[in-house]
Each structure stands twice: as structure tokens, then as C-alpha cells.
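Sequences listed follow chains H and E, in order. If you use the working numbering, the first sequence corresponds to residues 1 to 251, in order. If you use the working numbering, the second sequence corresponds to residues 1001 to 1196, in order.
It should be emphasised that the hints constitute simulated quantities derived from the structure, not laboratory data. Some hints could be false.
As the list claims (entries may be wrong) - Straight-line distance between alpha carbons at most 30 Å, and here's what the computed DSSO-like set of lysine-lysine pairs gives:
#, chain 1, residue 1, chain 2, residue 2
1, H, K243, H, K179
2, H, K243, E, K1055
3, E, K1162, H, K188
4, H, K67, H, K151
5, E, K1169, H, K67
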Amino acid sequence: MLAKRIIPCLDVKDGRTVKGVNFVDLRDAGDPVELAWQYSQQGADELVFLDITATHERRKTLVELVKAVARNINIPFTIGGGINSIADADALLNAGADKVSINSAAVRTPGLIDELAGAFGVQFVVVAVDTRHTDGKNIVYLNGGRIPTEKETFDWILEAESRGAGEILLTSMDHDGTKAGFDCTFLKTINNAVHIPVIASGGAGNVQHFVDVFEQANVDAALAASVFHYGEILIPDLKGILKDKGIEVRI
Amino acid sequence: MIGIVYYGAGNIFSLTSALDRLGISYGMIHTEADFEQYDRYIIPGVGHAGAAMNKLVSTGLVPKIKALEKPTLGICVGMQLITSYSEEGDSNLLDIIPVKTLRFADSAEYKVPHTGWNRVYHESENLLFKGIPQGAHFYFVHSYFIEFNDAYTLASTDYSLKFSASIVKNNFYGVQFHPEKSGAFGEQLLTNFANL
């Protein structure tokens, strides 16, 4: 049986992790490679690196980071942030990334999904979607939930799937940062509507929230950042409880 | 020393990184003469099986590969290439192991691609899985699978049906999962292959 995946997300800027991390045994909390290695040892199933660098040196720095991660880590990882072209994705794939995640670029140029899937295969293409409830609808937002688009989230996800997305990373901006739980209702709606894996994101605050999102929405994976970075949830403990609840996990 | 058949089908940086971590030496095979320098071989591969086969054919290495007598491991699409046929692109492949590569049926319950960690069960004893427990998780990402076959399936996995997670015939081995991305058990399998 396919295991439900637990995915820590690391924000990086100029090759360094930006959100505070308080693993006691970490020598350098800003080193994404060391942090990634720690997570892989704890039993993380996969990692997502979100690059928020805005400088011209961005791409070169990111490729070096991806190579360093691939050299040291024995689990799959996804890179997101600022990927706008086949050339961007190709450089990351050749550096050892397993998948790329595209968000704003896909909304602005939906054909990018088709191009990436055609060039590298659907399994390489994660489409990340930031969604927010607005006037009774679920609307796609850009730039970390600040800029609303015209697109309804449900329709956009179905379009992304039909264009060649291999996976959907759905972040509920209403829940993100609240630690009040995932948006299980909407995640279930999306999960039931697509035939590709769905990663739930936004709202994880405690272990029960992970149990809920797997039991209620039946998503394939759950992603979180701060609860892992601050040691509020330890992955071995989380997986132990999921297993006790009868949820298939890799231990 | 492992020779990696280099034919331009996808990223091998993760594979060579894993071999580096494990202290397993390797080199790249570009020509027929290169095969002589190595005592075992890996055929990597990601992407479209038909496109990968076309690339492999264009290297001119196919007759030599089919005649190899030393341990040879196909990984993911590299494994599919050693089968006879794939539904992906309606492609005839190397036909080293007479089984077929088929597409998973789309269903609500079983999403395609089959993405993530699934359990692998050995069907028979083999040194490739030495030290790896029954039901160990390995990382898969694929839309096409190799049919289960009593004669050639070395290890199986269930995903809507029982398929070949690993196949073997004489010196030829294949694994559908990515050992280079499968944590400690994946590294154990690569070490086992290096010691066959």
C-alpha cells in the first residue's frame, strides 16, 4: 500500500534557510543541506525547497544548492520559486532535483505546464496553487496570497491536471500560519476531483491535524514548515501516531 | 567498478551522488569498447520509454547490451527498456526479459503516476535484496509498470494490481523504484548490486 507522505518545506534565500529553526543539534541552522539531512534522518519522505531569492544571481545559487542537496540526501526533493522556463527546469533537473514546483508562472503562462510535462514527463511537474476563500468562492492567489486572480481554484486545478501537472501542492492561505488545521473540506473536494497526487499545505499545528487531513481528505501527502522547524512536531512521533491510527506510513 | 550506460535519457546526478556516498566507483560508457573497463553495468533512465529506446538505439550500443554477460541493472525506465515492449509510445524494446510494460489504469482510488513510497516484497531469494526486509518501502514515480510474471518477477509491489517492482533473468536485473532516492534500503540495494 502506498504510504502517505510527510513533507517538511524549507524556505531558502541566497542559498540559506530563512525561517528560524531550533533543532538543538544543528550546527548551522541556516544551512539548508544540513537541515535537509536532519529531516531525512528523522524519516521525512520528501522535501520541498522554496526559493525566495530575488537577485540576478538566483539561478546559479539555486543550482549549486540543488547539487549540494542531491549529493547528501537520499530522499526525493522538489524545488520551487522563480521557475519560468524549460531552461530553468532543465538546470535544476540536471543538478539532481526530482521535481520542480511552479506557481505564479503557471497562472500567467499556463502553457508552461504543457511544455515542462512534454520535455521532462508529468512526474517532474508539481503545480503549486495558493487558494483563498473570497466572496463564497475559492480563488487562486499569487505572490504568497497577496494578489487575487480571476481564476477559480477548482477550475484551475482541473486545467493544470489536463495540461500535464503530475502533482498538485494546494496551500490554503486562510489556514496558512494559523496552526488551526488543514482545510480538509476543500482539500477533499479537490482530491476527489483529480487523478493525480495532492499535497495538502497550510494550517498544520498539531499531530491531530495530520490525522484529520489523511482521514477526512485522503490526500497523498501533507506539507508543513514551522511545526517541524521549531520542533513542535517530531516526524518519528507523528508517524508513530499516524500508524496507530491505521494510516499507512513509511517507518 | 560500475559502468553507467550514457545515452542521454535523463538526469543521473542523483545516481552518481548515491554511488559517491557509498564509495562505489563508476564510470560512463559511451562506446562499445568502454564496456571492457567495467565488471558490471547500470542502465539508467527517466521519462518516456519509447523516446529512451530511440536514444539508446542511436548510440549503436544495443547489440552489445543484449550480449552482456556481467551483472546489469536497469533502473526505472532503464528497467523497462530490458523488457520486450511498452505501451508507452507502442514501443518495441530490448526484449532481454520477455515481459511487457503496461500503463496503470486511471481510477479514483489509484492515482497515476504512482508516486511515493510503497512496499516491496521479494518473490524469491536473491543477493540483490540481501539485508532488506520484506515489505520495505522504496520510492516510486511511474505511470507504466512491468507485468507480474512467475518466472521473472524478483520482487513485487501492489498498486491497484500486483506488478514487478524488480525483475531478473540470468545476469540482467531491473528495479522500477529509484534506489538512489529510497533512503537506507535503496543504498543497501546499490551496495548489494556492487557486490554481486
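Verification of the hints:
1. H:K243 - H:K179: holds (22 Å)
2. H:K243 - E:K1055: Not OK: K243 (chain H) and K1055 (chain E) at ~44 Å, beyond 30 Å, violated.
3. E:K1162 - H:K188: Judged against 30 Å, a Cα distance of about 27 Å means the pair holds.
4. H:K67 - H:K151: At roughly 35 Å apart (the allowed maximum being 30 Å), K151 (chain H) and K67 (chain H) break the hint.
5. E:K1169 - H:K67: Violated, because 35 Å separates the two Cα atoms, which is more than 30 Å.
Of the hints listed earlier, those the structure fails to meet are numbers 2, 4, 5, in rising order.
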